[in-house]
Each structure stands twice: as structure tokens, then as C-alpha cells.
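Peer 1: Chain by chain, the residues:
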Amino acid sequence: MSEPFADLTPEQLHDLLHQMLLIRAFEESAEQLYLQGLMHGTMHLSIGQEGSAVGACAALRPTDYILSTHRGHGHCIAKGARVDQMMAEFFGKETGYCRGRGGSMHIADVTTGNLGANGIVAGGVPMAAGVGLSIQMQRQERVALVFFGDGATNEGAFHESLNLAAVWNLPVIYFCENNQYAMSMAIGRASKVEKLSDRAAAYGIPGVTVDGNDLVAVYTATQAAVARARSGGGPTLIEAQTYRWKGHSKSDKQRYRTKEEVKEWQERDPIARLVEKMFAAGLLTEAALNRRQAQVDAEIAEAIEFAKASPDPDPATILEGVYA
Amino acid sequence: MSRELTYAEAVREAIDLAMARDERVFLFGEDVGVYGGAFGVTDGLYQKYGPERVRDTPISEAIIAGVATGAALTGMRPIAEIQFMDFVTLSMEQLVLQAAKLRFMLGGKVEVPFVLRTPAGAGTGAAAQHSESLENWFVHVPGLKVVMPSTPADVKGLLLASIEDPNPVIFVEHKLLYRTKGVVPEGYYTTPLSQSEVKRTGCDLTIVATSLMVMRALEAATKLADEGIEVEVVDPRTLKPLDPAPIIQSVSKTGRVLIVHEAVKTGGFGGELAAVIAESEAFDYLDAPIRRLAGLDIPVPYNRELERRMVPQVDDIVTAARRLVREAR
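Going line by line, the protein sequences match chains A and B. At position 47 of the first sequence (counting the first as 1) the number is 47 in this note's numbering, and the numbers step up by one without a gap. At position 283 of the second sequence (counting the first as 1) the number is 283 in this note's numbering, and the numbers step up by one without a gap.
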């Protein structure tokens, strides 16, 4: 790769940087609101993984589908969702994307092609094959990209889905965000292969491992997989190596990893890396970055205000939505 | 125009009509193509519609349910087949945690219109892992519909209604019903879901039965009529969402009810039916306790006689009905 930004234009780069900053600000705010007792339940933060969410979605069209994971806030924003309706969902409000019925773990925006986060590890992976088949049978130019974590690769459903997508040549991109831990289980203790993308060989499809904290590398790999899928070349398995800075969920004491390890990965911050690269290329100034950060902060503040001012679901509607 | 068809032919005709009518409908599952399905139900459809719309899958039940869900979510109308109902155990996550809940979890913004057809039941000597009747597991899951037809005419109309329905439908066929014959109207028609039907009228006792047990209950009713006992047979047809009114009405009239199903008794649909009746105004009309006749609480045995004894037979229904008519509360 000779070009440091592949075919991304400066405008696109600014937009992608904005998305990464927005995801981080959204999640940092959500965590604060949770700690203040303003949100209940739990949440799974993807702070540190913004490069893979944004890089992957950058290679997609608005009409393409994604299926997401329990750590799916970044995917949702990167696919084009509005942060105010997301925030409202986190507050359990009627104006939220799921009318307050889904919460963080089921956040979805079908209008932007996000078919939903998922509380089940590998839960979206079998459905992705169905979405791919639907695209293929309807002769659409779409693709389906399914995000899942390293933990999902050890579910039986992963095997069934990749095998079927391979034999039916489905337009699906299997995008593994390997953040090194399935809750507390280190990937090295859960899988004997050197790279998770090696598993692609078992299905006769291409597999590629990329630095998930390098936005451009993620974008480039996804772009190739998308092009293959769109032209009838079938599925690809992408492994993006990344790291979550926060615990698995809100109950995690993080006994399974060291502070040094976390610090080491924090030094590979996907946002800082893109910023430095853009500085070096003269595409971004300190002042412009500050302006953008201020813009992002204002967007989040507005989203929180919208969420707080929104009505709760009417208990009289509790039975709605079970059946169509 | 009507003519006689077997239950299996009626299923096939329904699939054929749905596929001819709606391009979004397709059929897939293990050996449904060239082979024609393990019970021959889909025979000829592959030849008529080709490999794209009649698809053989690898032996991967989780992905069959996943493909049905994902394709339904994005504009298709899949008909999935799980070869034996026992094998839905391998599909449960996608059915229960995804398909059933997606619409609700996503605030009512999606539809998941698919039909999962599967043959249930004992009586073929296939022993414990190919004879299950697991319908009540699905009755317990909000978001799924459960349909269990007993006659060729019903299976055709209910299957077409299920394919048109915008929700995931678990469509339970019975292996021993496949060869039974009955009058089936020609052409496209739907039999509405969630409508229980009185299959025979009588005034002494109500039998509420499902699937194959409806046929056995009707046979028992004929025998009992010779003894002067007039039995009313009610077939819920759709177990979820249940249409309780005809059941409650019938029990209010006869004052006695025997519930018959093939699935094992404990945790079976009969418990739900008994509760629905007991909680209704029919309770005031009961002249005897609500009785259930169901599968024994054992895995389905291989030996012919043991297998027969595990599942209610016509004579068992006759005996239970006779006893109940003599019983007083």
C-alpha cells in the first residue's frame, strides 16, 4: 500500500475522524451517565476499537446491511445512525431507535441498514447468511457485513454460517473484531490457530488479518472483500486485531489482564494514529481538531438533552410489537 | 371443486401454489431438493422451480433457522424445513433468541415472515431421537406462532395462511398424518390462523385434541356414539396464539373435558389448555375434573408395543372418555 490513505479523500478522512471522535465521546458520556445512575442495565463499551467499526463501515454503501454485536455502539454510529435517537434508547425512551424496548445491547437502525446489535455471541452470524441469500436471490447490489468478536469464532453457528456462505457464494463479509478477550478468556487460551483468519481455509474462502487500530488498513481490507462480494465472488473472513480499553461490561474487575497490557494498547489508539497521520500529511491542524472535538461534544450534549426530555414508553403499549 | 388428497400432497400443493404466486417464497432444508424430502413431501418441486428456489442445505440446523430469519428480515418469504422435529433442538438459539424477539427488541420496526415446517410424532419405529413432539417449547416463546394441523384441508389452508403471515411460524406436521386422505378444495385459499374448530359436535363430553390425536379422537367419538355417548371434538389448530372461545364454549355446554395430545404430559400443551379452561367461565359448568391423556413421560421407545403404549391410542381415548362421562365432580 503506497498511498497512506488509500483512495480516501481529505473530506472522507475528516468525516471518518469525526465518526471515531463521536463514537468515543458517545461511549464516554454513556459510561458517565451510567455511573451517575441515569441509565440502568449494563453496557459494553468499544472504546479503543473505533478504527475497526469506522474503517469497515467506510467501505460500505448506505444500502448495504450490517449485523452487529453486544459491543455495537460504534457500528451503529459508523453506519449512519443518529446519536440523539441512540442516546434516547439508552435512556429507555419512546423516541429511541427501539422505542426503549432494546437498550444498548439491541441497538439497531434499520433505516441505515443496521439490522441490530445482538446479545448472543455469534447471534448475528447465522442471520448474516440469510441476509446474504436474500440479497443474492433478489439480485440486489448490496452486501451484508457481520461484525462479531473473537469469542464468536468458537460458537458452532460460526462454522455453519461460513460454510454455507462459502458453498452458496453469498455476498457476506465476516468481520471479526479480535479484541483479544471473550469476556475474561484470552484468545490464545481459546483457539490454537495463529491467526483467526486462518480459519477461512476450512471453508475455502479468503481470510485476511489486519491491524484493527489502523483505520486505513481496515478500510482497504474491507473494500477488497466488499468488491469481491458485490461482484459475485462470495464471502471473506476479515480479522481486525484490536483491543477494548474498558472491561467486558460494567461488572468486570479485569483480573485477567495487566494494567501494562492495557497501557501498551492505549498507545496504539486508533484515533491518535489517524490524527498523527493527518497532521503529518498536512490534512489536519491542531486548531481544526479542537474545533471538531468541540462540535462532537456539542452533538453529544444535544443528544443527552433530547434523550432526557423525551417521554418514557406508555405502559399501555407494553404488549405492542410482539407480533406483526 | 374439491377432491381427495393426502396430507402430504396437500402440503406440497400449498407450497407449490405459494411459490407460483409469490417470487419471494422459497423452500430450503436438508434433502428437500432432488431427494424430495425425507418423507417425500416436497417431491417434484425441485424439478418445477429449480435449485435456486428449492435449496438443499448442508446438515446445519442452526444455519437453516438463521437463514430463514435473515432472509425474512430483508424481504424474502422463506419456508424452511427441519427434517425431524427432534432436530429443532439444534436450531433453538436462532428461533427463540433471534427470530421470535427481533420485532419486539427493535421497537416493532422489522418483520420476520417465515415458516419453519417440521414433521413431529412417534409411530414410525424411529425411536427416541426421531419421534419428538416438541410444540409446547415454542408455545412458551412470545413472538412465535405455532400451528399444528390435523386434516389435509386444514394443512393446505393453514400453510398458505402461515406463509402469508408476517411472523415466524413453527408449522408442525405429523408423520403418521402424511398418508391420511381427505377432501381438499382446489386452488389458493387460506384457513385463518388462531381459529379453533369444532370437528364433531356432541353434548356429553368435549375432547380437545391436537394433530394426529384429532383423528384418533374422532375415531373414538364414533365408537362412543355406539354406546350413546356424544362427544364434541375441538381442534385448536393454532396453538399460539390460541383461540380459546370455541373450547370454552364447548366445555360450558358439555360440562366435561378430556384433553388429548401426543407430547409427553408434563409441561405439555394440555396443561395450558386445562388452565385456560379452569380460568374461564367454563369452570362453573364443569361436572367433573378436567382430564388429560398424553404421552407417557419417557423418551419414545423403539419396541413396537412399547412405542404404541407411550402414545394415546383410540382405545385409550375411548376408555378415558367413558370413565370421565361417569365421573362426577
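One or more of the hints may lead you astray.
From the structure, some residues in chain A lie toward chain B, with a derived Cβ separation under 8 Å [what the hints assert, rightly or not]:
1. 97
2. 157
3. 245
4. 247
Below, a list of computed lysine to any residue pairs in the SDA-like style, where the Cα atoms sit at most 25 Å apart [claimed, not checked]:
5. B:101 / A:324
6. B:109 / A:324
7. A:195 / A:142
8. B:48 / A:324
The set of hints was computed from the structure by calculation and includes no laboratory data. Even glycine gets a Cβ: it sits at the ideal position worked out from N, Cα and C.
Peer 1: Could you run down the list of hints and mark each one as holding or not?
Peer 2: Outcome of the hint check:
1. 97: holds (7 Å)
2. 157: holds (5 Å)
3. 245: violated (28 Å)
4. 247: violated (24 Å)
5. B:101 / A:324: holds (12 Å)
6. B:109 / A:324: Holds: residue 109 of chain B and residue 324 of chain A sit about 10 Å apart, inside 25 Å.
7. A:195 / A:142: violated (28 Å)
8. B:48 / A:324: violated (32 Å)
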